[in-house]
Structures are given as structure tokens and as C-alpha cells.
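J.: My request is simple: use the sequences and hints to build the entire structure.
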Amino acid sequence: MEKMRAIMKLEPGPGAVLGELPLPKPGPGEVLVKTEMMAICGTDVHFYEWNKWAETINVRWPMVLGHEFTGTVVEIGPGVRGVQIGDTVSGETHIPCGNCYHCLNGEQHICSNLITFGMQTPGCFAEYAVLPEVCAVKVDKGIDPAVRANFEPLGVAVHAVDKAGVGGNTVAIIGCGPIGLFSAAVARALGAARIFASDISAYRLDLARKIGVDYTLNPKETDLTEFVRAHTPFGVGVDVLLETSGNADAFMAGFRYLRKGGRVVAVGLASKPLQLEVGRDIAWKEATIIGIHGREMFKTWQQMEKLIAGGRLDITPLLTHTFQLKDYKEALETALSGQAGKVLLAP
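When we follow the working numbering, the leftmost residue of the sequence shown carries the number 251, and every step to the right adds one.
Derived from the structure by calculation, the hints contain no laboratory data.
Ideal Cβ positions, reconstructed from N, Cα and C, are used throughout, including at glycine.
A hint or two may mislead.
[To be verified] Pairwise CB distance ranges (calculated):
#, residue 1, residue 2, range
1, Ser362, Arg562, 31 to 39 Å
2, Gly329, Glu476, 53 to 61 Å
3, Trp303, Ser362, 20 to 28 Å
4, Phe477, Trp311, 41 to 49 Å
T.: Right, here's the structure in full:
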């Protein structure tokens, strides 16, 4: 029986192992992809650490880690029509049912019966991966594979920034992890007038400067409310507040430098319940709050490929480390360290 190498967790608990599994076969409506490049997400780090968040997630055991990747279709299952052997694809994480209210109204990314590739199904940190045809998104082979491997997380940023409506507006981004940095790059590409980015990591603030963020701020050193208001027209605060950090205190503080009539885009999952004054922070401000879950299928994919292929968007400064699959522990520890942008794995 032909086998493949894969990074997996055999049971709940810290760590992961590199082992061999039988080469999977695509079933009806599925495709088999030979992986070319993979990217590590914060989710993978949570599972590797096996923290409290990881304990709450329903996963399939043994669990093959990973959900961000690109590769080549090498086999198709019965009934596959839109993807062919030899196609270059990137993986969409959302696996929609196709039959619920949201799917039937073009909102597959918030499907009522949604399952997640790499959590409820085996993931992509392997030499091969099987996924539904609907999740194998054909992409331009001419785009750098390291960039293609990041289309899934980049799509979160494109979806968030598109919903925010940043063109000509002032934008504050809380958190300079990969999604925050991608969001800053997209905001710049889509015409934000002025971008503020905050984080407590000097390394990540330096990455933010490399992609054109106007003001990089450490909240431990700078009063964000005072600074942002002093650097926005009439001292009113920003038009758009984009939260990617998951830090509840930072999120709540952000409402103090959001202007009246401004928009809040929630991407990060807050570390604890928010305590907001509805009158002061939302109602009297006429603030609009927008939630973001993943990417739109498939509008977001088309948007980001156009931005990259057209030369408007360059995320390569944020792709800081690449490791071989055999060096997965070092790769995951690097991602965990906070001294990295996006960390990649090659099979």
C-alpha cells in the first residue's frame, strides 16, 4: 500500500508527530492534491500546544494538522466536473452543505451545517490531501507558491477590509499577527488614507512598517486614544476599527478612538466577554459593528487573485520563514515564538 508522510496528533494533548499514513483516495465529489507549499495558522499552533481553546474544538482523530496550502490535482473522484488533473489549486477551509438557507443564498461561508477542512476532516500538513471539489479553488500557477499557500488566511483579510470600506478612510488595526498584517497590506492596496497598527511586539511592528503602515504603535508605550485622535482630521478618531488580536481589553479600548458613525470590523476571537457601554460606545456613536467569518465563497478568492496578479498587493515581506516537513517542530515553535510573520512548510 502506497503511503505518505503527515504531521498529525494521535490523541488530545501537547505536541504532534511526523508519521506515515496510507495515501488517501478521493471519494465522490473529491480531489486528491499533491501539496506544493503549506502555511502554519495560529489554529495549528493552538492544537500543537493543546491549549484551552483547542480542547473546545470537535476534531477527527487521528488529526492531520493544517488547512492552508496549495498544490496540484493528481486524482479526481467520481462526479468531479469543475477540476481536472493537473490543475493548480489552493484550499478553501469552509466545507458547506450546499442545501441550507445560507448556502442557497450565496453565503456558503456561514453555512448552517459548516464543517472545517483540517479539523473535522484530515488536513494538509502532508504530502497529499483530499478535499471536496468545491474547496479546491483553481488559482494562477504563475503566482509564487508561498503566496498561493496563504490565500486562505489572506482571504480573511480581504473579506474584512472589503466589508470595512477603507478607500479614502482612516483605519486602525489592532494586532499585527498574520491576519492583522495581511489586513494592513490589503487596506493599503484598497486605498486607505492613513493606517494605524498596534501591537506589543517590536518584531511585528517592524513588519507592519515594511508593508507601508503609516503609524506603528505599542500600547504599552503610547496612549492610543490620544495619538490616534491627534492624527485624524478634526481629532475625531478613525473611520474604521479592525480588530484582529483577540485581546478583549484592546478591543474595548479601540471604541475610544473610533469616530462617531465609524465602522468596527471584528475578526479576532475575544479572549473574554466584552464589556461595552451600549450608549457611549455604540448607540450614541451610531457605530456599525461587522463580524467576519473566513472568506466569501467565491467572491473573495477572485478579489485577492486580481489584487496579486495585478501587482496591487504584495504579501511576500510577511512570509518570513520556510521549513521542510521533517522540521515541523522547529516550524511550529517559530510560529509560536511571535518572532515570525507567516511560517511555511514545504513537503
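J.: With reference to the structure, classify each hint as holding or not holding.
T.: Hints, one by one, checked against the model:
1. Ser362 - Arg562: 31 to 39 Å: holds, 35 Å
2. Gly329 - Glu476: 53 to 61 Å: holds, 60 Å
3. Trp303 - Ser362: 20 to 28 Å: Distance hint for Trp303, Ser362 holds at roughly 23 Å.
4. Phe477 - Trp311: 41 to 49 Å: The hint (41 to 49 Å, Cβ to Cβ) holds, given that Phe477 and Trp311 are roughly 48 Å apart.
When the structure is compared with the earlier hints, no violation turns up for any of them.
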